[in-house]
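Student: Sequence:
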Amino acid sequence: MSARDFVTALLVAAERAARLARECRANASLFALLIEEKKADAANKRFAQDFKTLADVLIQEAVRHELALTFPAIKEHVQGEENNTFTNTLGEKVVLEVQATQEATQALLLRVLDGNVDAAAALASIVHQKIELSDFDVDGLLAQSFAASHAGAAFETATIDASTLGIWIDPIDGTNEYIRGALVEPQGGIFSEGLPTSVVLIGAFERASGLPVAGAMCQPFYPAPGTSITAGKFVSRHLWGICTASVTASNAKELIAQNHRLHRSHTADGSLVPVVTMSGSESDAIKAVAASRGIQIRATSGAGYKMLTVVEGVADAYFLSKGSTYKWDSCAPHAILRSLGRQGAVFRRPAAAAPTEAREVLYQAMDNPAIHSWANSDGVLAADSRAAHDTYAFFWSV
31 MSARDFVTAL LVAAERAARL ARECRANASL FALLIEEKKA DAANKRFAQD
81 FKTLADVLIQ EAVRHELALT FPAIKEHVQG EENNTFTNTL GEKVVLEVQA
131 TQEATQALLL RVLDGNVDAA AALASIVHQK IELSDFDVDG LLAQSFAASH
181 AGAAFETATI DASTLGIWID PIDGTNEYIR GALVEPQGGI FSEGLPTSVV
231 LIGAFERASG LPVAGAMCQP FYPAPGTSIT AGKFVSRHLW GICTASVTAS
281 NAKELIAQNH RLHRSHTADG SLVPVVTMSG SESDAIKAVA ASRGIQIRAT
331 SGAGYKMLTV VEGVADAYFL SKGSTYKWDS CAPHAILRSL GRQGAVFRRP
381 AAAAPTEARE VLYQAMDNPA IHSWANSDGV LAADSRAAHD TYAFFWSV
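Numbering (the working numbering), first residue to last: 31 to 428.
No lab work stands behind these hints, which were simulated from the structure alone.
Honestly, I wouldn't trust all of these hints.
Unchecked claim - Here are the simulated PhoX-like pairs of lysine-lysine, each with C-alpha atoms no more than 25 Å apart in a straight line:
(1) 263 - 160
(2) 160 - 105
(3) 317 - 352
The whole structure should be built from the sequences, with the hints applied where relevant.
Tutor: What follows is the structure, given as C-alpha coordinates:
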(Lines of atoms letter the chains of each structure in order from A and count residues from 1; the text may use other names and numbers.)
(Lines give C-alpha, C1' and ligand atoms only; values in the text may rest on other atoms or scores of the structure.)
Protein backbone atom coordinates (compact mmCIF):
# COMPACT_ATOMS: atom_id res chain seq x y z
CA MET A 1 0.00 0.00 0.00
CA SER A 2 1.14 3.57 -0.58
CA ALA A 3 2.62 5.52 2.30
CA ARG A 4 0.06 8.23 1.64
CA ASP A 5 -2.85 5.80 1.96
CA PHE A 6 -1.41 4.38 5.17
CA VAL A 7 -1.07 7.80 6.80
CA THR A 8 -4.55 8.72 5.54
CA ALA A 9 -6.00 5.65 7.27
CA LEU A 10 -4.35 6.64 10.56
CA LEU A 11 -5.71 10.17 10.26
CA VAL A 12 -9.25 8.98 9.51
CA ALA A 13 -9.13 6.62 12.50
CA ALA A 14 -7.88 9.46 14.71
CA GLU A 15 -10.64 11.77 13.46
CA ARG A 16 -13.30 9.17 14.24
CA ALA A 17 -11.83 8.87 17.72
CA ALA A 18 -11.96 12.64 18.16
CA ARG A 19 -15.61 12.80 17.13
CA LEU A 20 -16.52 10.08 19.61
CA ALA A 21 -14.62 11.89 22.36
CA ARG A 22 -16.49 15.12 21.68
CA GLU A 23 -19.87 13.38 21.51
CA CYS A 24 -19.25 11.66 24.84
CA ARG A 25 -18.70 15.02 26.52
CA ALA A 26 -21.42 16.90 24.64
CA ASN A 27 -24.21 14.55 25.77
CA ALA A 28 -24.69 15.35 29.45
CA SER A 29 -26.74 12.26 30.29
CA LEU A 30 -24.19 10.09 28.51
CA PHE A 31 -21.21 11.70 30.21
CA ALA A 32 -22.75 10.98 33.59
CA LEU A 33 -22.79 7.29 32.69
CA LEU A 34 -19.24 7.17 31.37
CA ILE A 35 -17.12 7.36 34.47
CA GLU A 36 -16.07 4.10 36.01
CA GLU A 37 -13.41 3.87 38.69
CA LYS A 38 -10.47 1.74 37.61
CA LYS A 39 -9.71 -1.23 39.78
CA ALA A 40 -6.37 -1.10 41.59
CA ASP A 41 -4.79 -3.74 39.35
CA ALA A 42 -5.51 -1.66 36.24
CA ALA A 43 -4.61 1.76 37.59
CA ASN A 44 -1.50 3.75 36.87
CA LYS A 45 0.43 3.54 40.11
CA ARG A 46 1.20 7.29 40.03
CA PHE A 47 -2.44 8.10 40.75
CA ALA A 48 -4.33 7.19 43.90
CA GLN A 49 -7.50 7.15 41.84
CA ASP A 50 -7.85 6.76 38.09
CA PHE A 51 -10.83 6.52 35.78
CA LYS A 52 -11.93 4.36 32.96
CA THR A 53 -14.56 5.64 30.57
CA LEU A 54 -16.80 4.19 27.97
CA ALA A 55 -15.24 6.75 25.66
CA ASP A 56 -11.83 5.10 26.15
CA VAL A 57 -13.10 1.62 25.40
CA LEU A 58 -15.41 2.52 22.54
CA ILE A 59 -12.85 4.76 20.84
CA GLN A 60 -10.19 2.08 21.10
CA GLU A 61 -12.49 -0.55 19.64
CA ALA A 62 -13.66 1.79 16.85
CA VAL A 63 -10.05 2.48 15.87
CA ARG A 64 -9.16 -1.21 16.12
CA HIS A 65 -12.15 -2.13 13.93
CA GLU A 66 -11.39 0.51 11.30
CA LEU A 67 -7.70 -0.32 11.02
CA ALA A 68 -8.45 -4.05 10.87
CA LEU A 69 -10.85 -3.47 7.98
CA THR A 70 -8.29 -1.34 6.15
CA PHE A 71 -5.31 -3.58 6.94
CA PRO A 72 -6.63 -7.14 7.47
CA ALA A 73 -3.09 -8.49 7.74
CA ILE A 74 -2.48 -6.65 11.01
CA LYS A 75 -5.83 -7.35 12.66
CA GLU A 76 -4.19 -9.46 15.36
CA HIS A 77 -1.46 -6.89 15.97
CA VAL A 78 -3.58 -3.87 16.94
CA GLN A 79 -3.13 -3.28 20.65
CA GLY A 80 -4.46 -0.65 23.03
CA GLU A 81 -4.42 0.66 26.56
CA GLU A 82 -7.84 -0.62 27.60
CA ASN A 83 -9.33 -4.04 27.90
CA ASN A 84 -12.70 -3.96 26.19
CA THR A 85 -14.87 -4.97 29.11
CA PHE A 86 -17.08 -2.30 30.58
CA THR A 87 -19.28 -2.57 33.67
CA ASN A 88 -22.57 -0.68 33.49
CA THR A 89 -24.35 0.90 36.45
CA LEU A 90 -26.25 -2.34 37.04
CA GLY A 91 -23.01 -4.26 37.51
CA GLU A 92 -23.36 -6.13 34.22
CA LYS A 93 -20.09 -6.78 32.41
CA VAL A 94 -20.29 -6.17 28.66
CA VAL A 95 -17.52 -6.92 26.15
CA LEU A 96 -17.49 -3.97 23.77
CA GLU A 97 -16.72 -4.82 20.17
CA VAL A 98 -17.79 -2.94 17.07
CA GLN A 99 -20.35 -5.04 15.24
CA ALA A 100 -20.90 -5.53 11.52
CA THR A 101 -23.82 -3.09 11.39
CA GLN A 102 -24.77 0.16 13.10
CA GLU A 103 -27.90 -1.47 14.47
CA ALA A 104 -25.98 -4.31 16.09
CA THR A 105 -23.45 -1.93 17.63
CA GLN A 106 -26.30 0.21 18.95
CA ALA A 107 -27.92 -2.84 20.52
CA LEU A 108 -24.68 -3.71 22.30
CA LEU A 109 -24.27 -0.14 23.52
CA LEU A 110 -27.81 -0.17 24.91
CA ARG A 111 -26.68 -2.83 27.36
CA VAL A 112 -23.86 -0.60 28.56
CA LEU A 113 -26.01 2.51 28.71
CA ASP A 114 -28.91 1.00 30.65
CA GLY A 115 -31.29 1.41 27.72
CA ASN A 116 -30.39 5.02 26.89
CA VAL A 117 -31.54 4.84 23.27
CA ASP A 118 -30.53 8.37 22.25
CA ALA A 119 -26.98 8.03 23.56
CA ALA A 120 -26.48 4.55 22.08
CA ALA A 121 -27.81 5.72 18.72
CA ALA A 122 -25.55 8.79 18.66
CA LEU A 123 -22.42 6.79 19.42
CA ALA A 124 -23.23 3.95 17.03
CA SER A 125 -23.84 6.50 14.29
CA ILE A 126 -20.35 7.99 14.72
CA VAL A 127 -18.71 4.55 14.94
CA HIS A 128 -20.22 3.54 11.59
CA GLN A 129 -20.43 6.85 9.72
CA LYS A 130 -18.39 7.28 6.57
CA ILE A 131 -15.81 9.97 7.16
CA GLU A 132 -15.13 11.94 4.00
CA LEU A 133 -11.54 13.03 3.59
CA SER A 134 -12.75 16.51 2.73
CA ASP A 135 -14.55 16.73 6.09
CA PHE A 136 -11.32 17.56 7.87
CA ASP A 137 -9.09 18.42 4.91
CA VAL A 138 -6.86 15.34 4.81
CA ASP A 139 -5.33 16.54 1.54
CA GLY A 140 -4.38 19.78 3.27
CA LEU A 141 -2.89 17.92 6.23
CA LEU A 142 -0.79 15.75 3.94
CA ALA A 143 0.25 18.65 1.73
CA GLN A 144 1.62 20.56 4.72
CA SER A 145 4.65 18.30 4.75
CA PHE A 146 5.63 19.01 1.18
CA ALA A 147 6.37 22.71 1.62
CA ALA A 148 8.50 21.99 4.66
CA SER A 149 10.28 18.82 3.61
CA HIS A 150 10.06 18.86 -0.21
CA ALA A 151 9.21 15.16 0.12
CA GLY A 152 6.05 15.31 -1.97
CA ALA A 153 7.18 13.09 -4.81
CA ALA A 154 8.66 10.48 -2.47
CA PHE A 155 5.55 10.48 -0.32
CA GLU A 156 3.32 9.98 -3.36
CA THR A 157 5.34 7.05 -4.72
CA ALA A 158 6.62 5.33 -1.56
CA THR A 159 4.98 2.14 -0.31
CA ILE A 160 4.74 0.48 3.09
CA ASP A 161 4.10 -3.18 3.88
CA ALA A 162 1.37 -3.03 6.50
CA SER A 163 1.55 -6.78 7.10
CA THR A 164 4.89 -6.31 8.89
CA LEU A 165 3.57 -3.72 11.34
CA GLY A 166 1.91 -3.53 14.72
CA ILE A 167 -0.30 -0.74 16.06
CA TRP A 168 -0.46 0.85 19.51
CA ILE A 169 -3.57 2.89 20.39
CA ASP A 170 -4.19 5.22 23.31
CA PRO A 171 -7.83 6.22 22.77
CA ILE A 172 -7.75 9.25 25.10
CA ASP A 173 -4.43 9.97 26.73
CA GLY A 174 -5.12 12.31 29.63
CA THR A 175 -8.39 10.75 30.79
CA ASN A 176 -8.43 12.74 34.03
CA GLU A 177 -8.27 16.04 32.15
CA TYR A 178 -10.91 14.78 29.71
CA ILE A 179 -13.27 14.07 32.60
CA ARG A 180 -12.52 17.34 34.45
CA GLY A 181 -13.00 19.40 31.31
CA ALA A 182 -11.05 22.46 32.46
CA LEU A 183 -10.64 25.36 30.00
CA VAL A 184 -7.29 27.05 30.70
CA GLU A 185 -5.47 29.40 28.33
CA PRO A 186 -1.98 28.31 27.19
CA GLN A 187 1.21 30.06 28.23
CA GLY A 188 4.10 30.05 25.80
CA GLY A 189 2.08 27.77 23.54
CA ILE A 190 1.73 25.12 26.28
CA PHE A 191 -1.50 24.15 28.04
CA SER A 192 -0.74 23.33 31.67
CA GLU A 193 -3.99 21.39 32.03
CA GLY A 194 -7.46 21.02 30.60
CA LEU A 195 -9.18 19.52 27.60
CA PRO A 196 -6.49 20.31 24.99
CA THR A 197 -4.08 18.05 26.91
CA SER A 198 -6.29 15.05 26.07
CA VAL A 199 -4.83 13.43 22.96
CA VAL A 200 -5.70 10.50 20.69
CA LEU A 201 -2.54 8.51 19.91
CA ILE A 202 -2.16 5.94 17.11
CA GLY A 203 1.35 4.64 16.38
CA ALA A 204 2.65 1.99 13.98
CA PHE A 205 5.87 0.03 14.54
CA GLU A 206 7.88 -2.66 12.79
CA ARG A 207 7.18 -5.96 14.53
CA ALA A 208 10.65 -7.25 13.66
CA SER A 209 12.74 -4.33 14.95
CA GLY A 210 10.28 -2.65 17.31
CA LEU A 211 11.03 0.76 15.78
CA PRO A 212 8.09 3.13 15.24
CA VAL A 213 7.49 4.09 11.60
CA ALA A 214 4.29 6.15 11.50
CA GLY A 215 2.13 8.05 13.94
CA ALA A 216 -0.99 10.20 14.21
CA MET A 217 -1.78 12.44 17.17
CA CYS A 218 -5.08 14.27 17.46
CA GLN A 219 -6.29 16.84 19.97
CA PRO A 220 -10.11 16.57 19.85
CA PHE A 221 -10.55 19.72 21.93
CA TYR A 222 -8.36 22.27 20.19
CA PRO A 223 -9.73 25.86 20.10
CA ALA A 224 -11.48 26.62 16.82
CA PRO A 225 -9.65 29.17 14.63
CA GLY A 226 -10.10 32.71 15.88
CA THR A 227 -11.39 31.63 19.30
CA SER A 228 -9.88 31.22 22.74
CA ILE A 229 -10.09 28.00 24.73
CA THR A 230 -12.67 29.54 27.07
CA ALA A 231 -15.13 29.92 24.18
CA GLY A 232 -15.58 26.16 24.26
CA LYS A 233 -15.65 25.80 20.45
CA PHE A 234 -13.48 22.86 19.47
CA VAL A 235 -11.98 21.32 16.35
CA SER A 236 -9.67 18.37 15.77
CA ARG A 237 -6.00 19.19 15.47
CA HIS A 238 -3.92 16.52 13.73
CA LEU A 239 -0.17 15.92 13.70
CA TRP A 240 1.34 13.06 11.72
CA GLY A 241 4.66 11.64 10.62
CA ILE A 242 6.11 8.69 8.74
CA CYS A 243 9.71 7.47 8.74
CA THR A 244 10.63 4.42 6.67
CA ALA A 245 13.54 3.43 4.45
CA SER A 246 11.77 4.97 1.47
CA VAL A 247 10.10 8.10 2.85
CA THR A 248 10.33 10.59 5.68
CA ALA A 249 7.61 13.24 6.00
CA SER A 250 5.58 15.08 8.64
CA ASN A 251 3.25 18.05 8.92
CA ALA A 252 5.01 19.07 12.15
CA LYS A 253 8.12 20.44 10.44
CA GLU A 254 6.58 23.74 9.39
CA LEU A 255 4.75 24.04 12.72
CA ILE A 256 8.01 23.84 14.66
CA ALA A 257 9.49 26.83 12.85
CA GLN A 258 6.27 28.77 13.41
CA ASN A 259 6.17 27.99 17.14
CA HIS A 260 9.83 28.93 17.54
CA ARG A 261 8.90 32.38 16.24
CA LEU A 262 5.62 32.82 18.12
CA HIS A 263 6.06 31.10 21.46
CA ARG A 264 9.73 30.66 22.34
CA SER A 265 11.94 33.12 24.20
CA HIS A 266 15.44 33.84 22.93
CA THR A 267 18.73 34.52 24.67
CA ALA A 268 20.92 37.54 23.99
CA ASP A 269 22.77 35.68 21.26
CA GLY A 270 19.51 34.74 19.52
CA SER A 271 19.36 31.08 20.52
CA LEU A 272 16.25 29.56 22.03
CA VAL A 273 15.82 29.50 25.79
CA PRO A 274 15.72 25.76 26.56
CA VAL A 275 12.31 24.37 27.61
CA VAL A 276 11.65 20.90 29.01
CA THR A 277 8.23 19.57 30.01
CA MET A 278 7.98 17.38 33.09
CA SER A 279 5.49 16.02 35.56
CA GLY A 280 4.96 18.07 38.68
CA SER A 281 5.96 14.97 40.62
CA GLU A 282 9.58 15.00 39.45
CA SER A 283 12.12 15.43 42.22
CA ASP A 284 13.22 18.82 43.53
CA ALA A 285 16.81 17.81 42.76
CA ILE A 286 16.06 17.44 39.05
CA LYS A 287 14.22 20.75 38.96
CA ALA A 288 17.03 22.50 40.82
CA VAL A 289 19.71 21.23 38.43
CA ALA A 290 17.59 22.29 35.46
CA ALA A 291 17.17 25.80 36.90
CA SER A 292 20.92 26.07 37.53
CA ARG A 293 21.49 25.41 33.82
CA GLY A 294 18.97 28.00 32.66
CA ILE A 295 16.40 25.43 31.57
CA GLN A 296 12.74 26.38 31.85
CA ILE A 297 10.69 23.53 33.33
CA ARG A 298 7.05 23.45 32.29
CA ALA A 299 4.71 21.16 34.23
CA THR A 300 1.70 19.97 32.29
CA SER A 301 -0.76 17.10 32.16
CA GLY A 302 -0.66 13.88 30.17
CA ALA A 303 2.34 11.95 28.87
CA GLY A 304 1.06 12.12 25.32
CA TYR A 305 0.55 15.86 25.50
CA LYS A 306 4.00 16.42 27.01
CA MET A 307 5.49 14.59 24.02
CA LEU A 308 3.25 16.59 21.69
CA THR A 309 4.84 19.80 22.99
CA VAL A 310 8.18 18.45 21.76
CA VAL A 311 6.71 17.39 18.41
CA GLU A 312 5.32 20.88 17.79
CA GLY A 313 8.43 22.73 18.96
CA VAL A 314 7.14 24.60 22.03
CA ALA A 315 9.49 22.42 24.11
CA ASP A 316 12.84 20.83 23.29
CA ALA A 317 12.36 17.71 25.38
CA TYR A 318 10.16 15.84 27.84
CA PHE A 319 11.76 13.93 30.70
CA LEU A 320 10.23 11.37 33.04
CA SER A 321 12.41 9.47 35.49
CA LYS A 322 9.69 6.99 36.51
CA GLY A 323 8.46 3.95 34.64
CA SER A 324 4.89 5.23 34.49
CA THR A 325 4.38 5.70 30.76
CA TYR A 326 3.49 2.90 28.38
CA LYS A 327 4.12 1.81 24.80
CA TRP A 328 0.72 3.20 23.77
CA ASP A 329 1.70 6.61 25.18
CA SER A 330 4.95 6.97 23.30
CA CYS A 331 4.66 5.06 19.99
CA ALA A 332 2.84 7.75 17.97
CA PRO A 333 4.90 10.77 19.13
CA HIS A 334 8.08 8.71 18.81
CA ALA A 335 7.30 7.99 15.15
CA ILE A 336 6.64 11.67 14.45
CA LEU A 337 9.86 12.73 16.19
CA ARG A 338 11.79 10.28 14.00
CA SER A 339 10.06 11.71 10.92
CA LEU A 340 11.48 15.19 11.55
CA GLY A 341 14.83 14.11 10.14
CA ARG A 342 16.95 15.27 13.09
CA GLN A 343 17.43 11.91 14.85
CA GLY A 344 14.82 12.84 17.42
CA ALA A 345 13.08 10.02 19.28
CA VAL A 346 11.72 8.80 22.58
CA PHE A 347 14.77 7.46 24.38
CA ARG A 348 15.14 5.15 27.36
CA ARG A 349 17.68 5.26 30.17
CA PRO A 350 21.16 4.34 28.87
CA ALA A 351 22.84 1.18 30.07
CA ALA A 352 25.27 1.61 32.97
CA ALA A 353 28.10 0.32 30.77
CA ALA A 354 27.41 2.92 28.07
CA PRO A 355 26.10 6.07 29.78
CA THR A 356 26.33 8.27 26.66
CA GLU A 357 24.49 5.85 24.37
CA ALA A 358 21.15 6.96 22.91
CA ARG A 359 18.78 4.00 23.25
CA GLU A 360 15.39 4.34 21.57
CA VAL A 361 12.28 2.85 23.14
CA LEU A 362 11.15 -0.28 21.24
CA TYR A 363 7.57 -1.48 20.89
CA GLN A 364 7.48 -5.16 19.97
CA ALA A 365 8.19 -6.62 23.42
CA MET A 366 7.85 -5.80 27.11
CA ASP A 367 10.84 -4.13 28.74
CA ASN A 368 10.54 -6.37 31.76
CA PRO A 369 7.39 -8.50 32.10
CA ALA A 370 8.05 -8.99 35.81
CA ILE A 371 7.68 -5.27 36.52
CA HIS A 372 4.57 -4.08 34.72
CA SER A 373 3.39 -5.38 31.34
CA TRP A 374 3.94 -2.76 28.64
CA ALA A 375 5.40 0.04 30.77
CA ASN A 376 8.41 2.05 29.60
CA SER A 377 10.03 0.83 32.77
CA ASP A 378 13.26 2.86 32.47
CA GLY A 379 11.54 6.23 32.19
CA VAL A 380 11.71 8.29 28.98
CA LEU A 381 13.43 11.26 27.39
CA ALA A 382 11.57 12.54 24.33
CA ALA A 383 13.83 14.84 22.34
CA ASP A 384 13.35 16.63 19.03
CA SER A 385 16.89 15.81 17.87
CA ARG A 386 19.95 13.79 18.78
CA ALA A 387 21.57 17.06 19.89
CA ALA A 388 18.68 17.64 22.31
CA HIS A 389 19.10 14.10 23.65
CA ASP A 390 22.77 14.76 24.30
CA THR A 391 21.94 18.09 25.96
CA TYR A 392 19.36 16.70 28.38
CA ALA A 393 20.68 13.18 29.00
CA PHE A 394 22.27 14.47 32.22
CA PHE A 395 18.81 14.21 33.83
CA TRP A 396 19.30 10.43 34.04
CA SER A 397 22.20 10.87 36.45
CA VAL A 398 20.61 13.38 38.85
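Student: Run every hint past the structure and note whether it holds.
Tutor: Verification of the hints:
no. : hint      : verdict
1   : 263 - 160 : holds, 23 Å
2   : 160 - 105 : holds, 20 Å
3   : 317 - 352 : holds, 15 Å
Violation of the numbered hints given earlier is absent; every hint is satisfied by the structure.
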